[in-house]
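**Student:** In order, the protein sequence lines correspond to chains A and V. Taking our numbering, I'd label the letters of the first sequence as residues 1 to 76. Taking our numbering, I'd label the letters of the second sequence as residues 1001 to 1222.
These are computed hints drawn from the structure, not numbers from a lab. Worth double-checking, as some hints may not be accurate.
Said to hold, decoys possible - Listed below are the simulated SDA-like cross-link pairs for lysine to any residue, each with C-alpha atoms no more than 25 Å apart in a straight line: (1) K10/A <-> E57/A; (2) K1109/V <-> V7/A; (3) K1109/V <-> V41/A; (4) K61/A <-> K1109/V; (5) K61/A <-> G1054/V; (6) K10/A <-> D1151/V; (7) K1034/V <-> K10/A.
As the list claims (entries may be wrong) - Now the stretches of chain V that chain A is said to cover, found in silico as 3 or more residues with beta-carbon under 8 Å: (8) 1058-1072; (9) 1091-1101; (10) 1105-1119.
Quantities reported herein were computed from a predicted structural model and do not represent experimental measurements. Heads up, the beta-carbon is just placed ideally off N, CA and C, and yes, glycines get one too.
Residue strings, one per chain:
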Amino acid sequence: MKAKVTVMLKQGVLDPQGEAVRHALGALGFDGVQGVRQGKVIELDLAEGTTEARVTEMCEKLLANTVIESYRIEIA
Amino acid sequence: MKAAVLQFPGSNCDRDMAVALTRAGADVRIVWHKDHDLPAGLDLVAIPGGFSFGDYLRCGAIAARSPIARALIAHAERGGFVLGVCNGFQVLTETGILPGALMRNANLKFVCRVVDLTVATADSAFTRGYAAGATIRVPIAHHDGNYHADDATLAALRDADRIAFTYDANPNGSRGDIAGVLSANRRVLGMMPHPERAVEPAQGGTDGAPLFAGLLDALASA
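Using the sequences and the accompanying hints, generate a full structural model.
**Tutor:** Here it is in structure tokens:
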């Protein structure tokens, strides 16, 4: 089984990289991009039967820094 | 005074840190990240600058979960002294020993230059060698030194006089111009600037030396 973890900076935490991407899109003529937030996707290849609670634990302990980041888990 | 300097793959200021501590009179051992124990009778653990584990995932994240990090956390919980510089500061926030997090510099640039810092408090073993409010010149060299903490945490740090150093001209977007913070018991200091790169005239300045001298004094009289 696989799990996909999406880690994003929390709302309210300034994302300088997203801002730089937004500016670059504007420079390429893509008007109307009002905001860009950049995050990361982590794909986990897991033993069958691994619970979502276990993946949550992985996020809390390592995959996300919950001081500044939020995470979303999708089990496939 | 017995000190250990932790060494991770990618550490690159470990020797400078060891030299600065030795020069101030400490008995220094380098400790490898795979070790599970710190030397017995240790007073200080120093976590050096660099790019531990290639900054993979987040700066300091993997180092903060390495075997030696457990011993580091236990040392801090026992009331031991800890100095984390640059990547060492990032490791300290990743372990949760210090609050907040260090994000990518707001201008997205790696900043490598000598900056003016204000000594925000002289009330710690690390800063007692300075006068409160003094300006010192210390090098910085980092890409992820943008200190972030929420409003409540920042207020708590200010109220408890736990901000050790601030930047005179903010180089990285740090909230409150924060360059270094202390733990609640004032025995753990994390800072982005490199005092170990300013201990001998040949390095271009000696404003980092009082940090090490003050620390040695404090620990000798403890």
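**Student:** With reference to the structure, classify each hint as holding or not holding.
**Tutor:** Consistency of the hints with the structure:
1. K10/A <-> E57/A: holds (18 Å)
2. K1109/V <-> V7/A: holds (23 Å)
3. K1109/V <-> V41/A: holds (24 Å)
4. K61/A <-> K1109/V: violated (29 Å)
5. K61/A <-> G1054/V: holds (19 Å)
6. K10/A <-> D1151/V: holds (14 Å)
7. K1034/V <-> K10/A: Distance ~33 Å between K1034/V and K10/A Cα, so the pair is violated.
8. 1058-1072: holds (count 3)
9. 1091-1101: holds (count 5)
10. 1105-1119: Three-residue rule met by the segment 1105-1119 of chain V, so holds; n is 4.
In summary, the structure is inconsistent with hints 4 and 7 from the numbered list given earlier, while agreeing with the others.
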